[in-house]
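Visitor: In case you want the letters, here they are:
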Amino acid sequence: MSLNSLTIAEARAKLRAKEITAPELTEACLSAIEGSGAINAFVHKTADLAREQAAAAQGRIEAGDAPDMCGIPMGIKDLFCTKGVPSQAASGILNGFTPEYESTISQKLFDAGTVMLGKLNMDEFAMGSSNETSVYGNVVNPWRSKTSNADLTPGGSSGGSSAAVAADLCLAATGTDTGGSIRQPAALTGTVGLKPTYGRCSRWGVVAFASSLDQAGPMTKTVRDAAILGRAMMGHDAKDSTSVDMPVPDFEAMLTGDIRGQSIGIPKEYRMDGMPEDIAKLWAEGADMLRDAGAKIVDISLPHTKYALPAYYVIAPAEASSNLARYDGVRFGHRAALAQGDGITEMYEKTRAEGFGPEVKRRIMIGTYVLSAGFYDAYYNRARRVRTLIKKDFEDVFAQGIDAILTPATPSAAFPLGQMADADPVEMYLNDVFTVTVNLAGLPGVALPTGLDAEGLPLGLQLIGKPWEEGALLNTAQVLEDAAGFVSKPGKWW
Amino acid sequence: MLDTAHTTPTPKTYAGATGDWEIVIGMEVHAQVSTRSKLFSGASTLFGAEPNSNVAFVDAGMPGMLPVINEECVAQAVRTGLGLKAEINLTSAFDRKNYFYPDLPQGYQISQLYHPIVGEGEVLVELGDGAARLVRIERIHLEQDAGKSIHDMDPNMSFVDLNRTGVALMEIVSRPDIRSPEEAAAYVVKLRQILRYLGTCDGNMQNGNLRADVNVSVCRPGQYEKYQESQDFSHLGTRCEIKNMNSMRFIQAAIEVEAKRQIAIIEDGGEIDQETRLYDPDKNETRSMRSKEEAHDYRYFPDPDLLPLEIEQDWVDALGAALPELPDAKKARFIGDYGLSDYDASVLTAEAENAAYFEAAVEAAGDGKLAANWVINDLFGALKNDGDKDITESPVTPAQLGGIIKLIKSDVISGKIAKDLFEIVYNEGGEPAEIVEARGMKQVTDTGAIEAALNEIIAANPAQVEKAKENPKLAGWFVGQVMKATGGKANPKAVNELVAKKLAG
Chain A
1 MSLNSLTIAE
11 ARAKLRAKEI
21 TAPELTEACL
31 SAIEGSGAIN
41 AFVHKTADLA
51 REQAAAAQGR
61 IEAGDAPDMC
71 GIPMGIKDLF
81 CTKGVPSQAA
91 SGILNGFTPE
101 YESTISQKLF
111 DAGTVMLGKL
121 NMDEFAMGSS
131 NETSVYGNVV
141 NPWRSKTSNA
151 DLTPGGSSGG
161 SSAAVAADLC
171 LAATGTDTGG
181 SIRQPAALTG
191 TVGLKPTYGR
201 CSRWGVVAFA
211 SSLDQAGPMT
221 KTVRDAAILG
231 RAMMGHDAKD
241 STSVDMPVPD
251 FEAMLTGDIR
261 GQSIGIPKEY
271 RMDGMPEDIA
281 KLWAEGADML
291 RDAGAKIVDI
301 SLPHTKYALP
311 AYYVIAPAEA
321 SSNLARYDGV
331 RFGHRAALAQ
341 GDGITEMYEK
351 TRAEGFGPEV
361 KRRIMIGTYV
371 LSAGFYDAYY
381 NRARRVRTLI
391 KKDFEDVFAQ
401 GIDAILTPAT
411 PSAAFPLGQM
421 ADADPVEMYL
431 NDVFTVTVNL
441 AGLPGVALPT
451 GLDAEGLPLG
461 LQLIGKPWEE
471 GALLNTAQVL
481 EDAAGFVSKP
491 GKWW
Chain B
1 MLDTAHTTPT
11 PKTYAGATGD
21 WEIVIGMEVH
31 AQVSTRSKLF
41 SGASTLFGAE
51 PNSNVAFVDA
61 GMPGMLPVIN
71 EECVAQAVRT
81 GLGLKAEINL
91 TSAFDRKNYF
101 YPDLPQGYQI
111 SQLYHPIVGE
121 GEVLVELGDG
131 AARLVRIERI
141 HLEQDAGKSI
151 HDMDPNMSFV
161 DLNRTGVALM
171 EIVSRPDIRS
181 PEEAAAYVVK
191 LRQILRYLGT
201 CDGNMQNGNL
211 RADVNVSVCR
221 PGQYEKYQES
231 QDFSHLGTRC
241 EIKNMNSMRF
251 IQAAIEVEAK
261 RQIAIIEDGG
271 EIDQETRLYD
281 PDKNETRSMR
291 SKEEAHDYRY
301 FPDPDLLPLE
311 IEQDWVDALG
321 AALPELPDAK
331 KARFIGDYGL
341 SDYDASVLTA
351 EAENAAYFEA
361 AVEAAGDGKL
371 AANWVINDLF
381 GALKNDGDKD
391 ITESPVTPAQ
401 LGGIIKLIKS
411 DVISGKIAKD
421 LFEIVYNEGG
431 EPAEIVEARG
441 MKQVTDTGAI
451 EAALNEIIAA
461 NPAQVEKAKE
471 NPKLAGWFVG
481 QVMKATGGKA
491 NPKAVNELVA
501 KKLAG
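Listed in order, the protein sequences are those of chains A and B.
Note that our numbering has the first sequence beginning at 1, numbered continuously upward.
Note that our numbering has the second sequence beginning at 1, numbered continuously upward.
In case anyone wonders, no lab produced these hints; they're calculated from the structure.
A virtual CB, placed ideally from N, CA and C, is assigned to each residue, including glycine.
Any given hint could turn out to be false.
To be verified - Cut-off 25 Å, straight-line C-alpha distance, at most; resulting in silico cross-link-like pairs (DSS-like, lysine-lysine):
id: 1; chain 1: B; residue 1: Lys-489; chain 2: B; residue 2: Lys-416
id: 2; chain 1: A; residue 1: Lys-350; chain 2: B; residue 2: Lys-148
id: 3; chain 1: B; residue 1: Lys-406; chain 2: B; residue 2: Lys-442
id: 4; chain 1: B; residue 1: Lys-489; chain 2: B; residue 2: Lys-473
id: 5; chain 1: B; residue 1: Lys-148; chain 2: B; residue 2: Lys-85
id: 6; chain 1: B; residue 1: Lys-243; chain 2: B; residue 2: Lys-283
id: 7; chain 1: A; residue 1: Lys-239; chain 2: B; residue 2: Lys-97
id: 8; chain 1: A; residue 1: Lys-361; chain 2: B; residue 2: Lys-97
id: 9; chain 1: A; residue 1: Lys-350; chain 2: B; residue 2: Lys-97
id: 10; chain 1: B; residue 1: Lys-501; chain 2: B; residue 2: Lys-469
id: 11; chain 1: A; residue 1: Lys-146; chain 2: A; residue 2: Lys-492
id: 12; chain 1: A; residue 1: Lys-268; chain 2: A; residue 2: Lys-392
Stated by the list, open to error - The following residues of chain A were derived to be distant from chain B, with all beta-carbon distances above 10 Å:
id: 13; residue: Asn-95
id: 14; residue: Ala-378
id: 15; residue: Lys-492
Given only the sequences and the hints, what does the whole structure look like? Please build it.
Guide: This is how it looks when you write it as structure tokens:
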């Protein structure tokens, strides 16, 4: 077994037992990355930095001062600003942008001894569900269908992260999730993705998409790894006013495997018309596994679910239209070449027309429209009211004694890249149908693989937990993971 | 709080071709909050630094940077609200005002549209002769200032200085209660005075730390009263907003010329377009900046980077308890305690530093009225002639001035000698009583010595004595001669009495 295939927990044990060294582990990942061009997950490689960090981590391990993440090689989503390393949110408008500051999360990881292998591809500004909107080109899912060699989507927006973890290019990666951008790609690549409670992870230094929804989280090979990496990423940050000052427990210690007496809700509104048989079956099996582990399975109702996607696609673009106004060509990133006589308006128009891709432009226009005078109440304010109702739906079921909610993570398995090219954009937005409610309500949610479809592609389930109870949520996920016994890996074709 | 009794002034009327017009004015004053750092960043607010040196990453709108509210800015806004007798909102919230401009790096200004930190208050604007206008404050909100665009350094390029970007401003919005250009200027003067007393804004208009947008409309007499009854703006004329005024003189001139412009248009059968205008002091005219149709759609919405701002009543109370005495109260106290005239009390309370100096001088002198005269006439005069020095730079301390006044009051020196003494203290320093002693400036009250001098003068000038006996007005000549003979030190009262007695005898 090559070292890059290890989980965080396995690597940690081997590092501490001196069976392997951090530099060896990092070299294994660097060579795996070298051979992974076809996947297109890494867009900036930081081999020199990685080797430096690995050596330092080894020193700490030898000194007996090794936090859990010490010496663990990771990929960092390009949405995170990393000091001295290009950080472009996979957008042309940030062409050449190299921050002079380190995001709180990457800094926390570095402080914990983590090794950064490079920056990971993603949908431009985290807007997309298939990783087809990146200025760096599509990411290709390491998984392939049994019956076709077509390139499949790794999901989005954290598609570089999901693909890199699934292909064992790194042990884990950071992701961000605004409407499902951690959970959906995790589900499509057979990996685990946790979106923490809103306010758990600092947003400082993470390029903003929709500030009230954005939340960073771990993308890993196992639930245990999500517990380890999640804990390292979370924590209060005075530099982010929406960060919450609450202690972060040792999630790993909470993985007892005991969920006896817990109530797991099955929301009827998530049973969509035309749901593929494979998904329905997976969901039912998941419920059975939890019941077998001693949990009570309860049918519940989240009545406002059907309004979640429209509300999300008002609120997220509204915030994005404002958050992305700063990309104007004045101070950093791309600036269009101007013609004689062009003024400031032409500079803005040309720069933004050239710098942003079509999906980002679409969302900026939607957001600008829904916030404009005369439409604000009909769209933005109404969406905010819907959001309040969705939040209340969850509060009501939790108040009824539900501990966690089980749903499918995605409406389908990974689909071929390019398949949606000519589709109505709303078709693509439907990928987020099971995940956006969690962002609107600010809740923690985790996606994990529990089976394969008929084509041999991974399928995932989602568990939704109570606010701040990521530990209990991960424990339930661990039970599901153990019961499902999902061990498949993509066959190496790249 | 003492309230000065006042009469309400009559609004200014303009005689038009079709009858009289009145003017209605509301103001939005932007006051830079006095704090060391910016509203949402730790960068310095110091004026005059190298361009782009006081800029935090968040001020420059760098990707992923987030605002964090500066507690001192909130405290300053609360103090201001309390100083204007306003309602303090324990919950307020920040909104984004979206527009593109190179000196607005985020692409939006963080402001408080929907839930300002301060609600309704009031300002008593005194206009002299016992007249004063009570101007209602609608709201005060906190917001970020923009940077500075510089268009005249290069023929092809514009430059941007972000030092000012993100500095906290208070926007103080009045109701349309102001009824003449003079009242408008007086309102700004009074507001500035209160802010300076509170220490919440330095009021420096030259640096742009205090600037006003003026909303002007005209209406027929009687219409304003209908508005007051109903609060229905349709009784008033269409308003124009004159942006960014930073001098009292320009405020008055701009309102005057704008009112006349509007009257002329209406009387010509035209209509006023609601628009934003700029005042050009060189041409003394206002010019359209943008019409209502061109007005930005700012797409305000709650800033998702900031949680609603919650403050505690106890904290507000503590800030209130620590507020300094404000101009109205101080003035009333000066009139009541020291028997000062309304005018003197106004002059002495115009600036907190003047009032503090005056009160320290009173303490040393033991006489309010004399201290007021000396501060207003002698000290202010000397400072003005000495390169227009500020009172805080006065070479004469309140204790020294009090010492001089004390010497007058105890008849040790005459008022005339006191002027000389003041000049010595001003230029050379020193303790007044010691200077008087050392330089022999003491007043001669010994009637024997005065009588001896007078006798000599009478003996030497018999002809003058005869004339003076016929015309008592000439007695002054003898007083003058005695003063001259005693080097000005004779007590003038004693000399007068003695001269009268001798010439009568």
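Visitor: Could you run down the list of hints and mark each one as holding or not?
Guide: Verification of the hints:
1. Our distance criterion of 25 Å between C-alpha atoms is met by B/Lys-489 and B/Lys-416, whose separation comes to about 9 Å.
2. Straight-line distance between C-alpha atoms of A/Lys-350 and B/Lys-148 comes to about 23 Å, which keeps the hinted pair within the 25 Å bound.
3. For the hint linking B/Lys-406 to B/Lys-442, the alpha-carbon distance of about 13 Å falls within 25 Å, and the restraint holds.
4. Of the supplied pair hints, the one linking B/Lys-489 and B/Lys-473 holds, its CA atoms being roughly 23 Å apart against a limit of 25 Å.
5. For a cut-off of 25 Å, the pair hint linking B/Lys-148 to B/Lys-85 is broken: about 34 Å separates their Cα positions.
6. Taking the CA atoms of B/Lys-243 and B/Lys-283, the gap is near 16 Å; set against the 25 Å cutoff, the hint holds.
7. A distance of roughly 22 Å separates the Cα atoms of A/Lys-239 and B/Lys-97; the hinted pair therefore holds under the 25 Å criterion.
8. A distance of roughly 20 Å separates the Cα atoms of A/Lys-361 and B/Lys-97; the hinted pair therefore holds under the 25 Å criterion.
9. Restraint check for A/Lys-350 and B/Lys-97: satisfied, since their Cα atoms lie roughly 23 Å apart, inside the 25 Å limit.
10. At most 25 Å may separate the alpha-carbon atoms for a hinted pair to count; B/Lys-501 and B/Lys-469 meet this at roughly 11 Å.
11. A hinted pair counts as satisfied when its Cα atoms are at most 25 Å apart, and A/Lys-146 with A/Lys-492 qualifies at roughly 13 Å.
12. For a cut-off of 25 Å, the pair hint linking A/Lys-268 to A/Lys-392 stands: about 17 Å separates their Cα positions.
13. With a cut of 10 Å on Cβ distances, A/Asn-95 stays outside the contact zone with chain B, its closest approach being about 13 Å.
14. For A/Ala-378, the non-interface assignment is confirmed: its Cβ lies about 14 Å from the closest Cβ of chain B, beyond the 10 Å cut-off.
15. The beta carbon of A/Lys-492 is kept farther than 10 Å from every beta carbon of chain B, the shortest such distance being approximately 35 Å.
Checked against the numbered hints above, the structure breaks only hint 5 and satisfies the rest.
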